[in-house]
Amino acid sequence: SQKIEQNSEALNIQEGKTATLTCNYTNYSPAYLQWYRQDPGRGPVFLLLIRENEKEKRKERLKVTFDTTLKQSLFHITASQPADSATYLCAFMDTGRRALTFGSGTRLQVQP
Amino acid sequence: EAQVTQNPRYLITVTGKKLTVTCSQNMNHEYMSWYRQDPGLGLRQIYYSMNVEVTDKGDVPEGYKVSRKEKRNFPLILESPSPNQTSLYFCASSFVYSPYNEQFFGPGTRLTVL
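Residue numbers (this note's numbering), protein chains in the order written: chain A, 1 to 112; chain B, 113 to 226.
Chain B extracted, bound-state conformation (with noise of 0.2 Å):
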């Protein structure tokens, strides 16, 4: 099946603790992306990925890292997590960087950083 992939589903931690939130595709994909989606602001990008090996900064990236070292793989890393960053995230990807391309969502991560 066809699917974006990400894990842990729920994560409960403290600040400060570094923590690193999986995302695969099996969908041979070329972009990849992650969101945070917060009440009343809703989906906001972190990070983007062209390829392998080519991320660039999304229009909320304070406090997160990316890596593509793969292509059906894109972690979120937070170094330092801290309560601002407790949010619902999602990665996403589609077949090539395009405007006319469907995004596919993985099922979501909730994060909450006391």
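So here's chain A without its partners, still in its complex pose (with noise of 0.2 Å):
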């Protein structure tokens, strides 16, 4: 079946460094790969979508990779900030489940 990974590892930086994550996708070429962030508690929160073939997408401090050879996808906030601390997680829409897929999420600790 299909499977989309995060390191579930914490991932603690310092302010003003640039943190980046990773999504590893297997059993499945998806045409599109979505970012969420979530804070404790919370629902997700829609932050970027990158098509296939974009290799490459940005919003504000935030950017996007999509590597459809390595199919993995990383994410990267540059300039982080203690507010910037939260689980982001990656998914897919899978269109013959019509389910979207996501991964376990990774935690991102940024101290002051």
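No wet-lab data here; the hints were simulated from the structure.
Don't be surprised by glycine CBs; every beta carbon is placed ideally from N, CA and C.
Be a bit skeptical, because a hint or two may be false.
[As the list claims (entries may be wrong)] For each label pair, taking beta carbons as the anchor points, the in silico distance ranges come out as:
| no. | chain 1 | residue 1 | chain 2 | residue 2 | range |
| --- | --- | --- | --- | --- | --- |
| 1 | B | K183 | A | V45 | 19 to 25 Å |
| 2 | A | G41 | B | G175 | 21 to 27 Å |
| 3 | A | S29 | B | V208 | 20 to 26 Å |
| 4 | A | H76 | B | R222 | 30 to 36 Å |
| 5 | A | T18 | B | K130 | 28 to 34 Å |
| 6 | B | I189 | A | P112 | 30 to 36 Å |
| 7 | B | V164 | A | P82 | 42 to 48 Å |
| 8 | A | E52 | B | E191 | 39 to 45 Å |
[As the list claims (entries may be wrong)] One side of the interface only, derived from the structure: several residues of chain A facing chain B at Cβ under 8 Å:
| no. | residue |
| --- | --- |
| 9 | L49 |
| 10 | A99 |
| 11 | V110 |
From the two separate chains plus the hints, produce the assembled complex.
Written as structure tokens, this is what we have:
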């Protein structure tokens, strides 16, 4: 079955540094990947979507890349701030199953 | 304000006592779905609905029922809750079913079944 994996270990970085989170997928070739932010006890909030032919997408301090050869998406937050501390989820819609499949998320902690 | 609302936000119940978690969206979205979130397992889809009167099973539908009689509402029903259904539940909606439409999530319902 299709699978989407994110590093389950928390990522701790210093304020001002760039955070890089990884999302790997197997057994499927999504045309789109989505990234969400989730704060503790709250629902995920959509951040960015990238299409397979876009390679890179930016929104303010956020950047997402999509490498269909490596079956990997990277999510970058530049000039990170303590307010960026949250869990970040990647997801894709399996059009056959009509289901949005999520990774388990990577928790980011930005130290002041 | 465009939003997805869920009620209740917190619920403690006992095994076998039927319960309903309501979900409502005010964005005229066609696609709605329910997820449960458990530590280490991430978000898993329970049921989804493409539109009114059209529902289908997701990855973990056992023990749950849904209905979609109105476009805005998509309640989740647990006919006979069991402890393994203790979880954090999220309702979500999007304009239509599409891999490039963002999902809007509700605030979550934390359910404990004793």
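Here is how each hint holds up against the structure:
The hinted window of 19 to 25 Å between K183/B and V45/A holds, with their beta carbons roughly 23 Å apart. Between G41/A and G175/B the beta carbons are some 23 Å apart, a value that agrees with the proposed interval 21 to 27 Å. Checked against the given bound of 20 to 26 Å, the beta carbons of S29/A and V208/B, roughly 22 Å apart, stay inside it. Hint check: H76/A to R222/B, Cβ distance near 32 Å, so the stated range 30 to 36 Å holds.
As the Cβ distance of T18/A to K130/B is approximately 50 Å, the hint placing it in 28 to 34 Å is violated. Checked against the hint of 30 to 36 Å, the C-beta distance between I189/B and P112/A comes to roughly 45 Å, which is inconsistent with it. Between V164/B and P82/A the C-beta distance comes to about 44 Å, which sits within the given range of 42 to 48 Å. At about 41 Å, the CB distance of E52/A to E191/B agrees with the hint of 39 to 45 Å.
The restraint placing L49/A at the interface with chain B holds, with a minimum CB-CB distance near 6 Å, inside the 8 Å limit. Interface hint at A99/A: satisfied, since its Cβ lies 5 Å from the closest Cβ of chain B, which is below the 8 Å cut-off. Given the 8 Å rule on beta carbons, the hint for V110/A is violated: about 22 Å separates it from the nearest Cβ of chain B.
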